[in-house]
Amino acid sequence: MKHVVVMNGCAGDLAAQARDLGDLLGRTGLRRQDGTTVLLHAGEPPLPRMPQVPTASAVRVRVSRYQPEQVLDILEELAPRLGAGLYLFVDDLAGRELAVRLGRRLGGTSLTGVRAFDLDGETLHARKAVYSGHMEATFRLGRGPFCLAIVRAGAALLPADHPGPVALLDLDRRQPPPDWVESCECLPDPATAGLEDASFILAAGMGVQDRNRAARMAEIAQEIGAEFGASRPVVMNAWAPMDRLLGISGALPRPGLCIVAGASGSAAFMAGIEQSQFIVAINKDEQAPILRCCDVGAVGDCLEILEELARLIREGA
Amino acid sequence: MNVLVCCKIVPDLDRLSESDWLVQDHGQVDTGFVRTMVNPYDESALELTLRLADAAPARMTTLTLGGGQAEPFLKTLRALGFDPTVRIEAQGDWRFCPDGLAALIAAYVQAGHPQDLVVMGRQSADGDNGKTPLLLAEALGWPCITECIGFEAAGPGRLKVTSRVDAGRQIQVVRLPLVLAVGNAAGSTLRVPTLKSRMQAGRQRTEVLEPALGPAIPGFRQDYVLERLTAIRRRRAGRMVTGADGCALAQALYQDGLKQRLENL
Numbered sequence: 001m002k003h004v005v006v007m008n009g010c011a012g013d014l015a016a017q018a019r020d021l022g023d024l025l026g027r028t029g030l031r032r033q034d035g036t037t038v039l040l041h042a043g044e045p046p047l048p049r050m051p052q053v054p055t056a057s058a059v060r061v062r063v064s065r066y067q068p069e070q071v072l073d074i075l076e077e078l079a080p081r082l083g084a085g086l087y088l089f090v091d092d093l094a095g096r097e098l099a100v101r102l103g104r105r106l107g108g109t110s111l112t113g114v115r116a117f118d119l120d121g122e123t124l125h126a127r128k129a130v131y132s133g134h135m136e137a138t139f140r141l142g143r144g145p146f147c148l149a150i151v152r153a154g155a156a157l158l159p160a161d162h163p164g165p166v167a168l169l170d171l172d173r174r175q176p177p178p179d180w181v182e183s184c185e186c187l188p189d190p191a192t193a194g195l196e197d198a199s200f201i202l203a204a205g206m207g208v209q210d211r212n213r214a215a216r217m218a219e220i221a222q223e224i225g226a227e228f229g230a231s232r233p234v235v236m237n238a239w240a241p242m243d244r245l246l247g248i249s250g251a252l253p254r255p256g257l258c259i260v261a262g263a264s265g266s267a268a269f270m271a272g273i274e275q276s277q278f279i280v281a282i283n284k285d286e287q288a289p290i291l292r293c294c295d296v297g298a299v300g301d302c303l304e305i306l307e308e309l310a311r312l313i314r315e316g317a
Numbered sequence: 318m319n320v321l322v323c324c325k326i327v328p329d330l331d332r333l334s335e336s337d338w339l340v341q342d343h344g345q346v347d348t349g350f351v352r353t354m355v356n357p358y359d360e361s362a363l364e365l366t367l368r369l370a371d372a373a374p375a376r377m378t379t380l381t382l383g384g385g386q387a388e389p390f391l392k393t394l395r396a397l398g399f400d401p402t403v404r405i406e407a408q409g410d411w412r413f414c415p416d417g418l419a420a421l422i423a424a425y426v427q428a429g430h431p432q433d434l435v436v437m438g439r440q441s442a443d444g445d446n447g448k449t450p451l452l453l454a455e456a457l458g459w460p461c462i463t464e465c466i467g468f469e470a471a472g473p474g475r476l477k478v479t480s481r482v483d484a485g486r487q488i489q490v491v492r493l494p495l496v497l498a499v500g501n502a503a504g505s506t507l508r509v510p511t512l513k514s515r516m517q518a519g520r521q522r523t524e525v526l527e528p529a530l531g532p533a534i535p536g537f538r539q540d541y542v543l544e545r546l547t548a549i550r551r552r553r554a555g556r557m558v559t560g561a562d563g564c565a566l567a568q569a570l571y572q573d574g575l576k577q578r579l580e581n582l
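Each protein sequence line maps, in turn, to chains A and B.
Per the working numbering, the first sequence starts with residue 1, numbered consecutively.
Per the working numbering, the second sequence starts with residue 318, numbered consecutively.
Hints were generated in silico from the structure; no laboratory data involved.
Source: prediction; values computed, not measured.
Beta carbons: idealized from backbone N, C-alpha and C, even for Gly.
One thing to keep in mind: the hints can contain errors.
[Said to hold, decoys possible] Quick list of simulated restraints, FRET-style, between CB atoms:
| # | chain 1 | residue 1 | chain 2 | residue 2 | range |
| --- | --- | --- | --- | --- | --- |
| 1 | A | P233 | B | V509 | 16 to 22 Å |
| 2 | B | G458 | A | A238 | 48 to 54 Å |
| 3 | A | G12 | B | G384 | 52 to 58 Å |
[Claimed, not checked] Rough simulated footprint, nothing fancy, chain A against chain B, three-plus residues with beta-carbon under 8 Å:
| # | segment |
| --- | --- |
| 4 | 437 to 444 |
| 5 | 457 to 464 |
| 6 | 546 to 560 |
Please put together the full structure from these sequences, using the hints given.
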């Protein structure tokens with residue numbers, strides 16, 4: 001099946017997008033020669049190097065900035081030329097909105113949060129988490145083109161000698177903002193990348209109890225060389241910045257070690273840390289679900305235990 | 318300004334224990350024994366709209382799809398100033414039917430209930446589709462700003478919208494109409510109405526509409542079909558350490574795996 005991989009070069013995490021989508025393409029058996037990468041970018045020349053995605057051809061589209069309505073118009077314009085039955089996006093903020101709206105515009109079917117899929121002739125079966133991460137559903141999608149936003153799996157990088165696209169087309173689609181946008185100011189958020197790629201995370205839940213104790217836990221994280229993360233209730237109470245959010249609507253990292261302090265272990269939060277190699281949990285409530293979903297756990301006051309743990313780690317005792 | 322806020326009443330899924338996640342006939346999960354609540358993202362949408370109306374005149378309508386269990390929540394919303402509160406009487410399984418839901422909302426807006434702004438949460442706790450606001454924007458031919466975390470009036474027919482984008486935030490002044498999908502907006506817990514306004518709200522009634530199902534809704538299409546539903550099990554060894562106090566517990570955790578893991582990072 002002809003397929004298109006859409007990558008948003010305006011987001012600044014192109015290598016991670018290429019890694020995850022490339023890994024998925026390798027597992028689905030789609031043929032390299034049937035694939036086209038569409039790379040959106042807003043940079044000044046020199047043009048960005050094509051990421052290592054296993055597709056034979058590529059279209060590099062220069063835009064003024066990532067503006068969803070304008071990007072959708074461009075993808076709609078390219079669709080007849082590409083003739084694809086499958087569009088793949090990364091399941092980030094941009095990828096989700098593009099997948100759903102493009103699916104509707106092309107008369108096809110879209111699905112977000114897709115973990116895996118397989119093709120059965122003209123029918124596609126896709127798996128995704130539902131019920132806030134408690135259940136996994138398998139859906140049958142009958143009408144193409146299929147537009148899927150693929151959940152990041154944190155796959156390994158493709159080998160450096162992996163052949164990139166050979167046939168390359170460059171388009172310039174820079175334009176002023178749409179007339180309904182009177183002004184637009186972008187405020188970059190430099191800290192976000194730290195959590196997604198962290199090898200060691202200290203995560204706080206509501207058991208941290210208040211803003212001051214949450215701030216102390218963030219300090220401890222820094223002292224022991226861990227990235228600080230938090231559950232949704234903690235960030236919704238503004239006890240931690242939003243870019244520290246772990247879980248379904250936040251970061252989905254794959255750390256080697258994750259210490260979870262004061263989080264009960266709701267499914268939405270667990271989805272954010274379940275790819276950790278080793279989970280240490282501290283909770284006051286011995287019935288908390290997190291204590292059944294960790295490798296090793298302790299029942300007690302999270303900050304008291306963490307202060308002592310931090311001392312042991314600093315001293316390498 | 319006419320503002321429509323769409324909200325869904327959902328079960329509090331965190332109240333279910335691991336053994337409660339059983340799949341019954343037709344891919345159903347019994348969640349009827351836990352309390353219900355306004356979907357968290359929709360709760361933020363409702364509160365952010367109330368803040369808009371605090372500062373500028375706005376006619377706030379709220380729309381939900383569901384049975385009579387939504388009534389206590391709609392009464393609260395009336396007490397907070399939403400008028401009218403509208404409920405489309407639900408029949409059948411709407412968990413994984415964002416296309417139908419978007420078509421219903423579009424039909425409501427286009428059938429004599431014109432709006433300048435439609436606001437809703439980015440996704441619901443049970444369906445997790447994350448599609449309804451986007452499909453609604455397509456159905457209405459309006460722009461859509463996703464991951465909205467705040468908005469305020471910016472002059473006639475204009476709105477200043479703050480939203481999260483990949484790796485940052487964006488502040489835009491935009492002309493209406495618009496669909497807003499509310500994301501993780503910190504500090505947006507829904508306010509509590511006064512007892513007096515609750516009593517007044519009790520005397521008013523929800524507008525209950527019968528849904529026109531299937532092809533009768535313009536643009537309706539069932540996009541995907543549920544084939545299988547399985548519980549996600551996250552159980553690990555869960556080896557518990559013991560100790561007399563916090564120091565002893567920390568020592569035990571450190572020696573029991575943590576030290577070695579840190580050395581291998």
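Here's how the hints hold up against the structure:
Evaluation of the 16 to 22 Å hint for P233/A and V509/B yields a pass: the beta carbon distance comes to about 18 Å. Taking the beta carbon of each, G458/B and A238/A are about 36 Å apart, not inside 48 to 54 Å as hinted. Checked against the hint of 52 to 58 Å, the pair G12/A and G384/B fails, with Cβ atoms roughly 46 Å apart. Coverage of the segment 437 to 444 of chain B by chain A holds. Counting CB-CB distances below 8 Å, 4 residues qualify, and the rule asks for three or more.
Counting residues of the segment 457 to 464 of chain B whose CB lies closer than 8 Å to any CB of chain A gives 4, which reaches the minimum of 3, so the coverage claim holds. Note: the segment 546 to 560 of chain B has 13 residues with beta-carbon separation from chain A under 8 Å; the three-residue rule is met and the coverage holds.
The structure fails to meet hints 2 and 3 from the earlier list, while all remaining hints are met.
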